[in-house]
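Student: One-letter residues, chain by chain:
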Amino acid sequence: MAIERVGSKVIKFYVPLAAYLAFLLFPFYWMVNTVFKSDIELYNLDLNPLYIHSPTLGNIVALFTETIFLRWMANTFFVALSASGPTGVAIFLGYLVPQTILFIPLAHTIFKLKLWDSLWALVLTYPTFLIPFCTWLLMGYFKSIPKEMEECAMIDGASRIKIFRRIILPLCLPGVLSAGIFCFTLSWNEYLYALAFISSTAKKTVPIGLVTELVRGDVYHWGALMAGALCASVPVALVYSFFVEHYVAGMTGALKE
Amino acid sequence: MAEVRLENVCKLFDEVVAVDEFNLSIQDKEFVVLVGPSGCGKTTTLRMIAGLESITSGDVYIGDRLINKLPAKDRNIAMVFQNYALYPHMTVFDNMAFSLEMRKRPKEEIKDRVQEAAEILGIQELLLRRPKQLSGGQRQRVALGRAIVRKPEVFLFDEPLSNLDAKLRVQTRLELKKLHERLATTAVYVTHDQIEAMTMGDRIVVMHDGFIQQVGSPLELYDRPANKFVAGFIGSPAMNLFEAEFNRAGDGVSLRAGDFTLDLPPEKAKHFQDYTEQKVIVGIRPEDFKQADEHSPGKTIPAAVEVVEPIGNETYVNVAAGNVTLTAAVGRRAVIKPHSSLNLVPIFENMHLFDIRSQESIVNN
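Chains as they are written, first to last, in my numbering: chain A, 1 to 257; chain B, 1 to 365.
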């Protein structure tokens, strides 16, 4: 009986779970796989693409020696951190307009502000989609705090600002952290604005740097591309795993009494 | 030391009248209960006293101070909320200390006062816990502790017992009453539970549709309800209320309802000369019935028993007399079977009559 039950659990739960996991992780596998292959092996269609036949570190070396990848990483860090931070608070724009339309007037503004081809162009434009997103995400959080708690604090003698600082904000901390992580990730991966507003190689972020510098004409430097993508995904993965506790709490609601 | 005075207080939410012409003077140290069905304006009134709701018109005084425009924190009141509103991220100590901290009291004093309040409520060992580690009853105590630690002039309670289970509610009710005696502070208590109101209040204010229906001591309300609403609201099981027609019968008057008539005794009848040939509402409390062995027209109500409800200390029967249904208390261990018949004799001295249009009491006993 017990064995049967365990067996049915394996079939009904673990097998589909493993399949789903394999599906989700396959792109990562492909990326790692490509990083350690030489170009010759990569373009040889006779070989099984799922294995590495003669592993090489050449691609990683090429990425770091032939491109200024570390600079791009630094740029991306700068933009992602700055856009998720306090500068974002100042700007509240374009809640409903799609990004692809919005970048035209934004480009004009950026040009007028003489921020063209500057990382500040990205720092100032990312909040246009980050702030509405965070507002929406945090709205549910703030709503979950009973009004009585605020009223009680009012009677207790706290000012509005004190209530926000001492009661509301601590209770919303998981939500604020979640929103921060989301913003960081969205900024980190942003492509369109970075492509439109940055042109010099030294100022590119990873998503743009990789695509524009490692795809030369119709030649795709697959190994280096994947090495770049892999390296760029490390900080995001670290941020996620570091905050995962709060992040998960953020997804499941704020107040449980 | 504070009395609370409300003068012609009105509250409008947009066009909707929530509280209308509310006049009440609450004595120092008095325990006043506002009671009524949901939406009657009792909580709104309490919130106006607290400063959580603006006052559309009228004046509210605490002591000699007009507090209409005073912010909640400066009114020197403390409020206990229905859901307790404890701060979940703070310990019990911090929850209780918060208001003193906001008022910048010295640390030593805060500690002493929290300790003192915790002792009164018997929650000393809970001071380092967080609200979610407490049971419902314990949370309730912490909410009370948070209120008494401030030593306010007035306590405001907004249905503080309704989240507790029935047994704990009765127990806490007693403790609250003892606490009030000990602290001797003016208290305004809102509830929809008339038993709570009857047991706790020095005076009860019955509200309905934003208006005060009657103000009085618990037994005043029970014995002399001012109108049909109060009559039906106070008392459990509720007073029997039914329509009847006054008819002149010889020298006296008789009441006709369902398929029975009741001859009023002459001393009672003389009050109702104006109502002959008119309809009125008759109110008889379940315990104001006796039983007779035989039916005697004009004196008894022949009734068919539908449901018998023995609750231990009393047995209630639900009976039908024509199209009138009545509830009667028939004694602790009455042996009555459903579908049998009964002859009920109302005690005329305790009978209430209400005007059918104004619903006001015609004669209070």
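Do not rely on the hints blindly, as some may be mistaken.
To be verified - BS3-like mimics (lysine-lysine), calculated; alpha carbons at most 27 Å apart, straight line:
1) B:Lys177 x B:Lys167
2) B:Lys178 x B:Lys29
3) B:Lys299 x A:Lys147
4) B:Lys111 x B:Lys73
5) A:Lys147 x B:Lys73
6) B:Lys299 x B:Lys337
7) A:Lys162 x B:Lys177
8) B:Lys337 x A:Lys147
If you are wondering where the hints come from, they were derived from the structure by calculation, not from laboratory data. Here the structure is a predicted model, which is why all the values come from computation and not from measurement.
Student: Taking only the CA atoms, is the gap from lysine 299 of chain B to lysine 147 of chain A under or equal to 27 Å?
Tutor: The given pair, whose Cα atoms are some 58 Å apart, is violated under the 27 Å limit.
Student: Given the proposed pairing of lysine 177 of chain B with lysine 167 of chain B, does the C-alpha separation stay at or below 27 Å?
Tutor: holds (16 Å)
Student: Taking 27 Å as the top limit, are the C-alpha atoms of lysine 178 of chain B and lysine 29 of chain B close enough?
Tutor: holds (13 Å)
Student: Does lysine 337 of chain B sit within 27 Å of lysine 299 of chain B, going by the straight-line distance between their CA atoms?
Tutor: Given that 27 Å is the threshold and the Cα spacing comes to 23 Å, the pair holds.
Student: Does the alpha-carbon distance linking lysine 111 of chain B and lysine 73 of chain B stay inside the 27 Å limit?
Tutor: Judged against 27 Å, a Cα distance of about 21 Å means the pair holds.
Student: Tell me if the straight-line CA distance from lysine 337 of chain B to lysine 147 of chain A falls inside 27 Å.
Tutor: This hinted pair is violated, its Cα atoms lying about 52 Å apart.
Student: Next pair to validate is lysine 147 of chain A with lysine 73 of chain B; report whether the Cα-Cα distance is within 27 Å.
Tutor: holds (16 Å)
Student: Measure nothing beyond the straight line between the CA atoms of lysine 162 of chain A and lysine 177 of chain B; if it is 27 Å or shorter, mark the hint as holding.
Tutor: Distance ~34 Å between lysine 162 of chain A and lysine 177 of chain B Cα, so the pair is violated.
In summary, the structure is inconsistent with hints 3, 7, 8 from the numbered list given earlier, while agreeing with the others.
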